[in-house]
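Based on these hints, arrange chains B, C and D on the given structure of chain A.
Protein chains in written order, with my numbering: chain A, 1 to 157; chain B, 1 to 157; chain C, 1 to 83; chain D, 1 to 83.
These are calculated hints, taken from the structure and not from any lab test. Treat the hints with care, since some could be wrong.
[Said to hold, decoys possible] Derived pair list, reagent style SDA-like, types lysine to any residue, alpha-carbon separation capped at 20 Å:
1) D/K15 to B/P60
2) C/K2 to C/S40
3) D/K2 to D/H61
4) D/K51 to B/V141
5) A/K130 to C/V53
6) D/K2 to D/E73
7) B/K27 to A/S45
[Said to hold, decoys possible] Which stretches of chain B does chain A cover? Using the computed rule of at least three CB atoms under 8 Å from a CB of chain A, they are:
8) 19-28
9) 31-41
10) 107-119
We put the beta carbon where it would ideally sit given N, CA and C, even for glycine.
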Amino acid sequence: MKMTAIVTIRIQEEDFDTAREIAQLSKGRTDIGAVVSFSGICRGSEHGDVIGALTLEHYPGMAEAEIARHANEAMVRWPLNGLTIIHRTGRITPGENIVLVVTASSHRQAAFQAAEFLMDYLKTSAPFWKREEREGGGNWVEARAHDDEAARRWTKS
Amino acid sequence: MKMTAIVTIRIQEEDFDTAREIAQLSKGRTDIGAVVSFSGICRGSEHGDVIGALTLEHYPGMAEAEIARHANEAMVRWPLNGLTIIHRTGRITPGENIVLVVTASSHRQAAFQAAEFLMDYLKTSAPFWKREEREGGGNWVEARAHDDEAARRWTKS
Amino acid sequence: MKIKYFAWVRERVGKSEEMLDPPPDVRTVGELMAWLSRCSESYAHAFETPKVVRAAIDHVHVKPDTPIAGAREIAFFPPMTGG
Amino acid sequence: MKIKYFAWVRERVGKSEEMLDPPPDVRTVGELMAWLSRCSESYAHAFETPKVVRAAIDHVHVKPDTPIAGAREIAFFPPMTGG
Chain A
1 MKMTAIVTIR IQEEDFDTAR EIAQLSKGRT DIGAVVSFSG ICRGSEHGDV IGALTLEHYP
61 GMAEAEIARH ANEAMVRWPL NGLTIIHRTG RITPGENIVL VVTASSHRQA AFQAAEFLMD
121 YLKTSAPFWK REEREGGGNW VEARAHDDEA ARRWTKS
Chain B
1 MKMTAIVTIR IQEEDFDTAR EIAQLSKGRT DIGAVVSFSG ICRGSEHGDV IGALTLEHYP
61 GMAEAEIARH ANEAMVRWPL NGLTIIHRTG RITPGENIVL VVTASSHRQA AFQAAEFLMD
121 YLKTSAPFWK REEREGGGNW VEARAHDDEA ARRWTKS
Chain C
1 MKIKYFAWVR ERVGKSEEML DPPPDVRTVG ELMAWLSRCS ESYAHAFETP KVVRAAIDHV
61 HVKPDTPIAG AREIAFFPPM TGG
Chain D
1 MKIKYFAWVR ERVGKSEEML DPPPDVRTVG ELMAWLSRCS ESYAHAFETP KVVRAAIDHV
61 HVKPDTPIAG AREIAFFPPM TGG
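So here's chain A without its partners, still in its complex pose (with noise of 0.2 Å):
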């Protein structure tokens, strides 16, 4: 991992401003080329239905592990010059931030890759549960076999 990587990982209740997080990983810096951002939203609806909210459950202590722990895989995998990881816990309404990530690397097709790497193993491995508030009641999000191969791809040799 070079010494000019600046990694930072939060897992927070609070809202996030994606603009100031952009701007922290690439501010004065020469020697970033690229800076890809991806921003997970609330949406207020799924497969035609109202979604009133979601609910983020963590498993703390884990949650961060994880997190760091593919954090640091992508540093080895991509030549990045920073990267930061945010996801939020607890009540999230439609139009909310959900979940950020940003890379910065010297090269545009490092800075994508990693950045959909992370998403991907967000996605399937960090222990987070979405719970959706609908007319009528509440349930669980069921894991989606779509998320599952997305991620295999980065294991294939």
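Just chains B, C and D now, with coordinates in the frame of chain A:
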């Protein structure tokens, strides 16, 4: 193309505010689940040589047409809610923005893929040319085979 | 050892954590699920489809055949849906 | 027809645009490059490696064998390096 999709394309000398562009694409909407942004930034060195600045020349008229054509192709290929492409021209110093692509979609993979597709095409098909200021003179940046390969993957069937 | 439950596994079990001392013939994560299922209907409901339930020992994902000897904390939860 | 030049093609030709009326036997983009190359050393230098030079007719990328009949604006430039 869906009625709710917002497409913004700008070619300009002035800098842009990445944060503002991301916010404008997603603010107040509850149908967007994923926003991906790519910022291309001028680096201060290339292969160990100091770069004083870049000057970006473009072909007015054709540059707009080429970008619009690829924006339309992205809208057809992926379910996007919005798309912003900004490319600067003129003199750009290290640390400054060169290009921005922001994609918004219900689905993260659509947002990632559309952003990568657009960046690959901007690198290889949009009529822009970079000249570097180095110690002892300047030179036109040469096209890289690696970028052509990256662009070709989108035309493979 | 401390056992933790999350999401619908927690709701079905009816608690988020507890201290347990399983008998020595309960050697693996899978055997722990089976043993708990025999304790009460709540556990039986939580683990009714054992291959859906995920487990972690001391914050690391593990398979059902992983031994539990030496574990400080074992957690059971549904497939993750973060991000 | 209007001819435009960009980047190092423009620098070598020594101008960014001009109006030209090539003879009728100059039918394609490639033939136009060859004809220009015979006009002066500047053009010959710009087009010395013709397969490196890219061309567009009326804002659309074209190949060297594309006919120029009916073109309003033809542009010559190096491989693009934007983004």
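* **Ascending list of hint numbers which this structure does not respect** => Of the numbered hints given earlier, the structure breaks none, since each of them holds.
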